Each structure stands twice: as C-alpha cells, then as structure tokens.
Amino acid sequence: MSPAKRKVVVAAGALTVLAGWAVAACAAEAPPVRIKVLGIQATNEEKPHVDAELEPLKDSLARSGYNSFRVVAKQQRDVPGGATAEFPLVEGYALRVEPGETDEKNVTLTLVWIRYEQDARGRRVARVLQRMPMTIRKGKFFVSGGWQLKEGVLIAAMSAE
Amino acid sequence: MNCDDVRTMLAGYADGELSAVEREAIRLHLDRCGRCRALVADQQRVQRVLDSYVPPAVPPERWTAMRRRLAAEAEGREHADLVTRARPEPFDFEDEEPTGEVEAPAARPRPVVRRPAAGPHAPVFAPARVALRRPRRRWVAHAAGLLVTAALVAGAFWTAWRSSEFDVTPETLATQSDVTIHGIQMMDPAYTVVLYAGAPDDLAAVWVEPLEEEG
Numbered sequence: 007m008s009p010a011k012r013k014v015v016v017a018a019g020a021l022t023v024l025a026g027w028a029v030a031a032c033a034a035e036a037p038p039v040r041i042k043v044l045g046i047q048a049t050n051e052e053k054p055h056v057d058a059e060l061e062p063l064k065d066s067l068a069r070s071g072y073n074s075f076r077v078v079a080k081q082q083r084d085v086p087g088g089a090t091a092e093f094p095l096v097e098g099y100a101l102r103v104e105p106g107e108t109d110e111k112n113v114t115l116t117l118v119w120i121r122y123e124q125d126a127r128g129r130r131v132a133r134v135l136q137r138m139p140m141t142i143r144k145g146k147f148f149v150s151g152g153w154q155l156k157e158g159v160l161i162a163a164m165s166a167e
Numbered sequence: 018m019n020c021d022d023v024r025t026m027l028a029g030y031a032d033g034e035l036s037a038v039e040r041e042a043i044r045l046h047l048d049r050c051g052r053c054r055a056l057v058a059d060q061q062r063v064q065r066v067l068d069s070y071v072p073p074a075v076p077p078e079r080w081t082a083m084r085r086r087l088a089a090e091a092e093g094r095e096h097a098d099l100v101t102r103a104r105p106e107p108f109d110f111e112d113e114e115p116t117g118e119v120e121a122p123a124a125r126p127r128p129v130v131r132r133p134a135a136g137p138h139a140p141v142f143a144p145a146r147v148a149l150r151r152p153r154r155r156w157v158a159h160a161a162g163l164l165v166t167a168a169l170v171a172g173a174f175w176t177a178w179r180s181s182e183f184d185v186t187p188e189t190l191a192t193q194s195d196v197t198i199h200g201i202q203m204m205d206p207a208y209t210v211v212l213y214a215g216a217p218d219d220l221a222a223v224w225v226e227p228l229e230e231e232g
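Chains as they are written, first to last, in my numbering: chain A, 7 to 167; chain B, 18 to 232.
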C-alpha cells in the first residue's frame, strides 16, 4: 500500500472510530430509561461483614437469611425503550432488562435472569432462569435473587428511571 | 532490524554502498520477510526497465550547466549534509548560458541514489526527500494514533466512572406498593420462588431457592 493510501486509510479509520464513539456517547446522553443494577453476594460467615455502601440496606438484606453482603457488580446504563440491556454480574450470571412503556411515575419492563454456561461442544450459551414482567416506580430499587454461587447466593437490586 | 529500517536502506543495498554488517542484516531480514523481498524484486524490475531506457537527446549546453551547478553544490557540502537535506533548490535550466560544450549522457539513471551523482538523469536529491518524509509521516501517524487511543481510554474511564455513580439507600428501595409484578416465569427447574408477596409498605423482593433433590 502506498504511503498516500495508507494515510487515507489511517485517517478514515480514526474518523470512523471517533464517529462511532461520538454516536454512542450521544445515544447514551438522551435515552428514555436509565437502568441501574447492583450485584450483591450474600454469604453466611462466622464474622458477619457488610460492605460500607450496603450498610443502609443491611436490615432489608438480612431478610434473605444471610449475614454478610459484598458488592460484586455495579453498573448503570441508558437504554432506549424497546431495546435490551444486559448487565453481567458474576459466575456467568447476568441480568437482562427490556424497558417498555414509561409514564410520569412508572416504568414497565421485563427483568430476565440469565446464566451463561458451556454446552457439550464447549460453546458459551445463555440459559434463561427467570422472566419477570413488571411495572416499577421510577427510581425505586427492586430486589431479586437467591441464585447459587460457589459461595453464597447472588442478589441484585435494579432500578429504572 | 524491522521492515522500515530495511526499506530505507534498500537503495544503498542495491548500490552496494552499505557496510558488510548492514548488508548481512538486510540479507537476513530478506530471508524471512516476503514483503521486503517483493519490494526488492519490484525495485529490480524497475531497475531493468530503467536500464533499457534510452535517454532522449538533451541540448549539450544544459549538461554543462547542470554539471557546473552540481560541482558548486558539492564543494560546500559534505555528503551527509546532502543526504539529510530537506528540500533542494530546484534547478533553473533556463538561466544557464549555453557553452557549446557537448557531453554525452553517461551513467544509466538509477531510481534511488544516496550520493551526489554526476549522471545526467540521476535524481540526485530524491533520496533525501524520501528519507525525511517517511519518519515525519510515521511521527504524525504515531501522534494521531496516540491521540485516538488517549481519547478512547479517557472515554472508557469516564463511562466506567459514570456507570458506578449511584447509591441504593433504604429510601430508594421499592416497597410492594411501588411494584406490580405481572407474572413470574421460572425456566430453571432447579429453583422455586419462595417470596413474592408482602404488605404494601414491605420490601418488594423476589427470592428464589434451590429445590432439594428427591431421594
């Protein structure tokens, strides 16, 4: 490839990357629904432990029957209505959120728990564990979980606004 | 020695101007680099074409004038200085006075020359331009690449920082009155839903619990 062509290709590549980034950034700036997901590992330990940022939730989380809670994932993403966002958690678990209609106070969405596993051929496949269509007040965290981890269980708090 | 190093030295390699060590390094590189070998083959093809080239007749006074100018140039300059010159002053053939002296074209023209050549068609300063432009282009490309990389890394950090900026507090926890669950489909037969109801002001939560295996 001649230097001139290479220059053009490099410039075109750089522009494409920047344009893609700009488009993604713009899309993320003005989406209809902002989804927040907090992944929590709950365990029973001799010496109970609760991460500092989970301290305000200690009483609520204690209802799960566990005494120790650690944040294992924390993400937020702006998701256009009708689109699907997937939030990877730990040990192959992920929370898939499919926002639907929204009004002033509520968001209708479907919450899907999935787990990625390897099939007989060693390919990574998603297995749906649970589907929950729901309507939730904007900004309120809905708690769901109990999925087994190597140690303890996985809980997620999810909100939409 | 990488491809770029080798390519800048190929002309000298073809002309036999390099030291034994440099020649050996290039030979070793050519043994294992098909692209550079192809480049050499291309250069040799061009060389063959140029070898078969018959220069057109040029008025003798121009040869003389050019030779005079070259001699004047060479007097005040070292070879290295000549090679690293950025941009030579163009010859102005029209200003030269014809002398009437006739000189036949001598050496065959070469596509790339690293020293001041006396041949009538030798593009004396072309290698200097090539030698300088390549590093500059490379520097610009590296700078552009660094800028783009830095922007992407900054964007990734910014996105990651934004994505972790929220808190869950008791006030933000949904109670049963904040949530309407339209149904639960359990696809995993190993689990069952153990809690899905409560008082309106109770925490809205859906728990699953593994089923104990029978037997």
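Derived from the structure by calculation, the hints contain no laboratory data. Warning: the hint list may mix true and false statements.
Calculated pairs, EDC-like style, for lysine to aspartate or glutamate (alpha carbon to alpha carbon, straight line, at most 16 angstroms) [unchecked claim]:
#1 A:LYS64 - B:GLU229
#2 A:LYS144 - A:ASP109
#3 A:LYS64 - B:ASP219
#4 A:LYS156 - B:ASP219
#5 A:LYS80 - A:GLU92
#6 A:LYS144 - A:GLU110
#7 A:LYS80 - B:GLU182
#8 A:LYS156 - A:ASP109
#9 A:LYS144 - B:GLU188
#10 A:LYS156 - A:GLU51
Residues from chain A shown here face chain B by an in silico Cβ test under 8 angstroms; the list is partial [unchecked claim]:
#11 PRO9
#12 ARG69
#13 TYR72
#14 SER74
#15 ARG137
Covered, in the sense of this in silico footprint (three residues per stretch, anywhere, with C-beta under 8 angstroms from a C-beta of chain B), are these stretches of chain A [said to hold, decoys possible]:
#16 85-94
#17 138-144
All values derive from a computational prediction rather than experimental measurement. We put the CB at the ideal spot given by N, CA and C, even for glycine.
Cross-check of the supplied hints:
no.: 1; hint: A:LYS64 - B:GLU229; result: violated (28 angstroms)
no.: 2; hint: A:LYS144 - A:ASP109; result: holds (9 angstroms)
no.: 3; hint: A:LYS64 - B:ASP219; result: holds (15 angstroms)
no.: 4; hint: A:LYS156 - B:ASP219; result: violated (30 angstroms)
no.: 5; hint: A:LYS80 - A:GLU92; result: holds (13 angstroms)
no.: 6; hint: A:LYS144 - A:GLU110; result: holds (8 angstroms)
no.: 7; hint: A:LYS80 - B:GLU182; result: holds (9 angstroms)
no.: 8; hint: A:LYS156 - A:ASP109; result: violated (40 angstroms)
no.: 9; hint: A:LYS144 - B:GLU188; result: holds (13 angstroms)
no.: 10; hint: A:LYS156 - A:GLU51; result: holds (14 angstroms)
no.: 11; hint: PRO9; result: holds (6 angstroms)
no.: 12; hint: ARG69; result: holds (7 angstroms)
no.: 13; hint: TYR72; result: violated (11 angstroms)
no.: 14; hint: SER74; result: violated (17 angstroms)
no.: 15; hint: ARG137; result: holds (4 angstroms)
no.: 16; hint: 85-94; result: violated (count 0)
no.: 17; hint: 138-144; result: holds (count 6)
Figure legend: structure checked against the earlier numbered hints; hints not met, in rising order: 1, 4, 8, 13, 14, 16.
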